[in-house]
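Enquirer: Following the hints, put chain R in place on chain P, whose structure we already have.
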Amino acid sequence: MNNWMASLSILQNGSIWVYILKGVLFTLIISIIAVVIGILWGSVLALVRNYCTKPKNRIFKWLATFYIEIFRNTPLLLWIFICLVFCPCPGFFERKMFGLTSVETKLLFKAAVALILFTSSVIAEIVRGGLNSVSKGQFEAGHSQGFSTVQIMIYIVLPQAYKNVIPTLLSQVITTIKDSSYLANVATIELMARVKKVLSSANMYNGTGTINVSDVFVLFGCAMIIYFIINYSLSCVVRYLQKKNKRTPRIAVAE
Amino acid sequence: MSGIFSRDAWLKVWTYRGTFVLGLLNTVETALVGVLLSLVIGIVLGLMATSRKKSLKTISRVYVELIQNTPLLLQICFLYYALAFAGHSLGILVTGIISLGIYHGAYMAEVFRAGIEAIPKGQFEAAESQGFGYMGKMFYIILPQSIKIILPPMVNQVVNLIKNTSCLYIIGGADLISLTYSFVTGAITGGAYAPAYLVSGMLFFVICYPLSKLASVWEENLKKRDQRVNIMVSRGRGKKVA
Numbered sequence: 001m002n003n004w005m006a007s008l009s010i011l012q013n014g015s016i017w018v019y020i021l022k023g024v025l026f027t028l029i030i031s032i033i034a035v036v037i038g039i040l041w042g043s044v045l046a047l048v049r050n051y052c053t054k055p056k057n058r059i060f061k062w063l064a065t066f067y068i069e070i071f072r073n074t075p076l077l078l079w080i081f082i083c084l085v086f087c088p089c090p091g092f093f094e095r096k097m098f099g100l101t102s103v104e105t106k107l108l109f110k111a112a113v114a115l116i117l118f119t120s121s122v123i124a125e126i127v128r129g130g131l132n133s134v135s136k137g138q139f140e141a142g143h144s145q146g147f148s149t150v151q152i153m154i155y156i157v158l159p160q161a162y163k164n165v166i167p168t169l170l171s172q173v174i175t176t177i178k179d180s181s182y183l184a185n186v187a188t189i190e191l192m193a194r195v196k197k198v199l200s201s202a203n204m205y206n207g208t209g210t211i212n213v214s215d216v217f218v219l220f221g222c223a224m225i226i227y228f229i230i231n232y233s234l235s236c237v238v239r240y241l242q243k244k245n246k247r248t249p250r251i252a253v254a255e
Numbered sequence: 256m257s258g259i260f261s262r263d264a265w266l267k268v269w270t271y272r273g274t275f276v277l278g279l280l281n282t283v284e285t286a287l288v289g290v291l292l293s294l295v296i297g298i299v300l301g302l303m304a305t306s307r308k309k310s311l312k313t314i315s316r317v318y319v320e321l322i323q324n325t326p327l328l329l330q331i332c333f334l335y336y337a338l339a340f341a342g343h344s345l346g347i348l349v350t351g352i353i354s355l356g357i358y359h360g361a362y363m364a365e366v367f368r369a370g371i372e373a374i375p376k377g378q379f380e381a382a383e384s385q386g387f388g389y390m391g392k393m394f395y396i397i398l399p400q401s402i403k404i405i406l407p408p409m410v411n412q413v414v415n416l417i418k419n420t421s422c423l424y425i426i427g428g429a430d431l432i433s434l435t436y437s438f439v440t441g442a443i444t445g446g447a448y449a450p451a452y453l454v455s456g457m458l459f460f461v462i463c464y465p466l467s468k469l470a471s472v473w474e475e476n477l478k479k480r481d482q483r484v485n486i487m488v489s490r491g492r493g494k495k496v497a
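Residue numbers (the numbering used here), protein chains in the order written: chain P, 1 to 255; chain R, 256 to 497.
Derived by calculation from the structure, the hints in this document are not laboratory data.
Take these hints with a grain of salt, some might be off.
[What the hints assert, rightly or not] Stretch by stretch, here's where chain R covers chain P in the computed footprint (C-beta under 8 Å, at least three residues): (1) 77-89; (2) 108-116; (3) 213-223.
For clarity, every value in this text was computed on a predicted model and none was experimentally measured.
Backbone N, C-alpha and C define an ideal beta-carbon position, used for all residues, glycine too.
Next up, chain R with everything else stripped away, as it sits in the complex:
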């Protein structure tokens, strides 16, 4: 741990700051596109899981179970090596984006499913009775109501996705953690362990902490509001009974 106070080590990190910036940019890029992909997959599969067609439900269920019960690292290796040995390598970042999107898409699907299922049946029936089609019903009536239930776990998934960009390391890595590691083990740049790890840890923390804080604050507020509603409902009932 002595290296943390060594001026030389910090100077080394400062000299090669480009490595960290590049890693950060790669991580952010992977995370952003990955989040978009996972949102698309999540919405589609979440809607499929809540539809009335048995076949669509089954497809969504199988996808979610298959993806959620196998490690991300295995999936990314599978995709990367299968493509590489078939001679169609997509490059590390694209492979990473796709597998992160697929993996977290399964989690997003569960988030959307739970959000949609939390809406009372009456809302669906009311929307249908007003002549809304499926899309209209979902996007004007159901999703706006479920968004407050969906948002906190969704933000948590985004945080997990950002952290999981470190899985790129196993296929060659261009993300922040991989570049940090090659920085500290490199022949010329090596040795500055403590400052380099501290810097990349801080960068992750600075990105992830506000997001997870936001998620937990939203969740708290939601819980409090639910409690208030419940109290009001039970009081209302009490009066009627009396």
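If we strip away everything but chain P, and leave its shape as in the complex, we get:
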């Protein structure tokens, strides 16, 4: 029982909370950046994979397919390790920023690149699913109205495709938030890594001099609650949107 009180006393330490909550912030920022860039880059990949079918530019289609399949079928951790070694880091990121040391910002940049590359391949497949759900008639209608292919994509096809895949994209945000915990393997920047670091020095904070099982439960329990609150609220939004999406076509059919 004493151990439990000691472990809970870690949570009364304000600076630990600041440290962990900053980790939460980093988790959110990294994930959002990864998803936003992932959507842009993933859309390009999806468009290229779906519509570069002319013999002249078929090579781009193959390249996009190659990229997507390679990243989808290998683990994220491998790409984090690869980027740590091979990803060039612009000088801009080799200095102290956001309260991190220069080494940490460098690691953050490289690991984030890996996460972006990985996420964009998944998002490319999601967007492609959305593109496939847009009927052929939309293209023909666009052409008959004098739109060029690029204009059709931007004004007609992509908006519909995105609308169809919004729930899937949002659940990809959840996955990315969870995937960002893989960064804990290489740097102590985001939530998971920071909680693990606090645990490794818990003997200094809980006053008993040793790390106990109760520390594991309290600290990882806290992290679980934080992750759960973020992801569960997102998944509630996803479910609401899915229900709404499902309802609309049914009404259309009934009419």
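Expert: Coordinates of chain R only, in the frame set by chain P:
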């Protein structure tokens, strides 16, 4: 990237090929047992989620939400450190298998639930009216029909599980990625970054690509068949109306 053409680096990888084989075997072993565990958890929870008892539904819902909304890495750390500090360490592979099974079990449960819920109510009622018990109804009538809906997402989950074996790295790691990393950073073996990463990436790709391809082909076929059925149904309706 120059290391990729270096003969020495490739020779080094070849000399220590045992590391990669060991890692691959560990990954495959973890993945296989993990898949079995997740299937068992998935079937049980999926059946619970589709049962009529409110309490069973709630248990399954809570489990799925709790597991799906927290990262696998956190769960595996939780399990490993809790056991380690309590003095009952299970070893890295067993911990990995258990947490992978638990994590992907939640996803499998959703897959099974969706598959069972896609079967029309009439099938359940017909089975009951023919005097099937619960088990008979599920295993002879419902599951065989839903298996074609279940299989593609299930195979996708298997692919994810294989990829997620890399999470073992955080608790000490014995899987392919961890061994590759300790190979390239080791004092004697270190340096051969590009060939080593290429080899382990290729191994993963060779295992995962056929599976995910299979899943997407199945899904395509399913969609096409559904479309055909829908067209036929709507044509049939059209005739009746006319």
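Enquirer: Next, verify each hint and record whether it holds.
Expert: Evaluated hints:
no.	hint	in the structure
1	77-89	holds (count 6)
2	108-116	violated (count 0)
3	213-223	holds (count 6)
Checked against the numbered hints given earlier, the structure breaks only hint 2 and satisfies all the rest.
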